[in-house]
Amino acid sequence: MQSRTGKKIAGTSLVIIILAELLPVAGMIPPWAGFILLVLSVPWFLLGLMLWWRAPGGESDLPFIGY
Amino acid sequence: MIQYILFALATGLLFHGIHRKLIARIQGRPGPPVWQEILHTLKFSFKQTWIPDTASEVHFVGVVLISIAIWILALGVVIYEGSVLLLFAIYLLHKIVEHGMGLSSGSPYAKFGAIRSVISAASELPLFVTILLIYYFTGSLMLSDIIQWQASNGPLIIPAFPAAVAMYLIILSKMHFGPFSIIEGKEIVSGNRTEHFGVWRAGLEAGFAIKTYVLLNAFVLIFLGSFSLPVLVLIMAVILMTLSFVCAYCPLLGPYDTVTVQSLVTGVLLAYIIILEVVL
Amino acid sequence: MFDLPIEGPALFSIPFGDIVDYASPYTLILFLFAALFTALAILSRPEQHADIIFGEDGVYTGRIPGPENRFQRFMAIACGLAAMGATVSGDIFNFCIFTSMVGLTCIGIVASSGNRHVLNAAFEYGIVTMIAMIPLFGGAAIVAATTGTLSIWELAGGAIAVPFVAKAFLVLGVMGEGMAPFYVAKAEITRAQGAPYILMIHVSSLLIFLRIIEIIITI
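Residue numbers (this note's numbering), protein chains in the order written: chain E, 1 to 67; chain F, 1 to 280; chain X, 1 to 219.
Just chain E, with the same shape it has in the complex:
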């Protein structure tokens, strides 16, 4: 997976997180709906962020089989 994909995922989910924080304050969605949005977006944000800043490179390989 490209780190650019991670950047896109992190950016999109950050927008959703900000919306999930602001919309309940503005009274447009109930607080629990905001929390559901967070449940859906925070995991993507965390993984996207980490995929973005991780060290580049590495080729996929067989699983670890033994010492």
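There may be inaccurate statements among the hints.
Listed below are the simulated DSSO-like cross-link pairs for lysine-lysine, each with C-alpha atoms no more than 30 Å apart in a straight line [what the hints assert, rightly or not]:
1) F:K174 to F:K21
2) F:K95 to X:K167
3) F:K186 to F:K174
4) E:K7 to F:K47
Read the hints as simulated data drawn from the structure, not as lab findings.
Following the hints, put chains F and X in place on chain E, whose structure we already have.
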């Protein structure tokens, strides 16, 4: 609300660090600094990461996302004082995540971890009986009602002591390095986490940190009542330390021994419920 | 009426006569979870099951052949659909039907596996499941005989007393489908290859267990 999630994440990781430090001190080692798990998670997130050739990709990445998501959901249940039954459900869904984590990579060690996760499904039975006992006393499974019941009747831990012991055992069976953590035993490399390295591992650590926070928080809310945040975190830390003592002194049990212990606890609890029903 | 302090309020309900299919936050989450894992089974490529050749440095990775793969996937999706049905059904008999369908499809998932240990375990699991269906449907029958209805909506909140033995039979029946003391065979059948499909075996039995707990506390 994101501040709750970040706070739970940081506190949970710190708790894991305290847990490791205490175990090390009890065993006469210096141990890592208490913030080591926070650094650890950051370190894993900076590493080169890929998906193993043999893995089922969508599933391999999906379980990491699901593991974080379900524990944030559980945090929501605790914050909004929802149903204990929902917490119970999320705890069982976590079992599916553990199982899926092991199966998705194609590694034989991870698969062993996954099979052990099925075997350790006996840990759900004490939780089930705990819920029955809570319902017996409070007549409700909503956390808000349980807290109110305790405000007028005193902490639930006194009448429902066996249930508290059972829930303690449940939290213990999810702690790292504990007697029941057979799914990540070192004789099967790292069990079901063997192939989740780098970013995936960091994601899982984040999910597990929230899990530790939520389980301890739920224990305090259900059995001791509602407290202000600093007191709450302090009580959670004390409970965590007792867990660390158990983990430091108990060796890893065999897979079938864990089933025996957990089934016995369930049996004792069922007997307690029957005695309550019949005698009182 | 359904507003019990157990799992939160009913979000919506669809009445079919006296059978009311309802969704509370609890059952809705279970349903979504079953749907999520069914989607995973549809979307994911199966894992390839790396294995060690004993006593050598060699490693081989097994690939599931096409027809077997298709059959496993079909059975996994059927299992997911049965689990989804069990999580939202508002009727105890329907729940029992879906539960027994879960048991059958679980065997179906591993049936085409060539591994002798897996097939033996699946055979044992099948026997346990079939025996467990007797208390399961027996429990439903006792509920129908003593209360005159099978609708969870009608029975909710203890309005009509359901005998303890019926609840015990229902739990026993579901436990036979793959919970604690009876799952030993199930632990073995998860050795079969093909990750997202094999996972459905575990997902479905945990979901029906969660659902039966909700049912016996509600009624």
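Cross-check of the supplied hints:
1. F:K174 to F:K21: Holds: K174 (chain F) and K21 (chain F) sit about 18 Å apart, inside 30 Å.
2. F:K95 to X:K167: holds (25 Å)
3. F:K186 to F:K174: Holds. K186 (chain F) to K174 (chain F) sits at ~16 Å (cutoff 30 Å).
4. E:K7 to F:K47: holds (16 Å)
Against the hints set out earlier in the document, no violation occurs for any number.
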